[in-house]
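**Student:** Single-letter residue listing:
Protein chains: 2
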Amino acid sequence: MSSFGADTAVERLQPGSYRGTLASGWDIGGNANGGYMLAIAARAMATETGRADPVTITAHYLSPGRAGPVTVDVRVVKQGRRFGVASAAMCAGGQPLLQVLGTFGNLDRSDAGLERIESAPPELPPPDECFGHRVENGAPALFGNVDLRLHPEDAGFASGKPSGQLRVRGWFRFGRDEPVDTLGLLLAVDSFPPTSFNANLPVAWTPTIELTTHLRARPAPGWLRASFSSRFLSGGFVEEDGEVWDSTGRLVAQSRQLALLPLN
Amino acid sequence: MSSFGADTAVERLQPGSYRGTLASGWDIGGNANGGYMLAIAARAMATETGRADPVTITAHYLSPGRAGPVTVDVRVVKQGRRFGVASAAMCAGGQPLLQVLGTFGNLDRSDAGLERIESAPPELPPPDECFGHRVENGAPALFGNVDLRLHPEDAGFASGKPSGQLRVRGWFRFGRDEPVDTLGLLLAVDSFPPTSFNANLPVAWTPTIELTTHLRARPAPGWLRASFSSRFLSGGFVEEDGEVWDSTGRLVAQSRQLALLPLN
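First to last, the sequence lines map onto chains H and B. Just so you know, the first sequence maps onto residues 1 to 264 in this note's numbering. Just so you know, the second sequence maps onto residues 265 to 528 in this note's numbering.
No lab work stands behind these hints: they were computed from the structure.
Among the chain H residues that face chain B by a calculated CB cut under 7 Å, a handful are:
1. T56
2. L62
3. V77
4. K78
5. V85
6. S87
7. G113
8. I117
9. E118
10. T212
11. R216
12. R231
13. F232
14. G236
15. R256
Covered by chain H, according to a simulated footprint, are these stretches of chain B (three or more residues, beta-carbon under 8 Å):
16. 359 to 372
17. 379 to 393
Think of the CB as a built atom: it goes at the ideal place given N, C-alpha and C, for glycine as much as any other residue.
The shape of chain H in the complex, shown without the other chains:
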């Protein structure tokens, strides 16, 4: 199994100019996971802004990424007291893969301040009673490095019995149980099967146009719980809203993506 930290490393060639590698093992059918690609870009942006954590980050997906070298060009557009804002472009062989805009800061502050949470982590059976993808049974390579355990009620699509609910809930950790940092959360919010798999719709795949993630805190060690849902399939688009909670029951990330809804 691979290390997320090693496989998202970047090298700074000169100010604003980075080199990285899309490693194999983070892909589905040869196309790198969108959250994994974004984590590489975000690492370059964090380095360039001198801020450890994305606070809110948006990626627009331009072309699928295949294993191999990539460049990341980062431009810092503002450095403030608490935050730095940067824009970035990831390219492979001169072709743009990803355009990113993010505000970076430091999420290790222990003073949470005011708290009012009108939601809760999803109720899940223990990981061993959930549905796990097995690479040895033909699951995509990604699931060798990402250990997903889906709520059995939401995993029916895998056996041809979709729940009918636009919802997917489950556990997330890295395959080698490497701690998940805020860059790892960018992968977590893009690793689960699309909610439309459970929808009894003639839809095979929903390509992501744009993915925005808000990061609220660095996760505590241990399994993460995540929940994804969609409410609006219309006009050829669907949104997917995600929440990720850490092992202490704290909300650590909120995501929303806009995806295309091509019919089979």
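We have chain H already, so just place chain B on it with the hints.
**Tutor:** Same frame as chain H, but now just chain B:
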């Protein structure tokens, strides 16, 4: 009253380089509304990409905008078959106000295709039975050009009786009843009072860090209905989720912003 179309006009000086004006009358206490500023940038991006409508657009707010001239520099990062992706920077006197990333396309397609909507427009009393801000009574200048009518249950904050619910619902139209296009929707999602006004919290204002809007369709003529809610006040941040529905009951926009939660 001012025209939104005229007050968001841009002039193309050369490829990628635009000039516009932050007009007075779209501000709160002299600071231009963030959705209004974004609409100007989006008009430049729509022009540069040759696509009428933002499909998903994200703005990171860097500095408050005051009335006066602005520049918008647009860079097209991809032109595809259906969509164009562009990044833009709005500056005033060389100071960055706004950094924007958006995917643009054409939302006039009548073939809605697959529809599955798990929500509904908010139930609202007729506009005349709702709460309206009155500039002559001291409401901010914005409310001379934007005609908001808040659900009476959500307007208690205006008389010192916040509802306690992190929710604001109401009607939206332009003051002169100019039709609202997809650029106007960018203003609509940023015109309502913050949900935190209803929260019984020691919070005066919640500066927007980032605002993302998904546009699903061009609105039909008539009043728009909107609903905003927040579920997670934590770590010094709050998200605010919005939905805008047109007079035919169609979802036309979905928004989410991340705002700071400074304590009084």
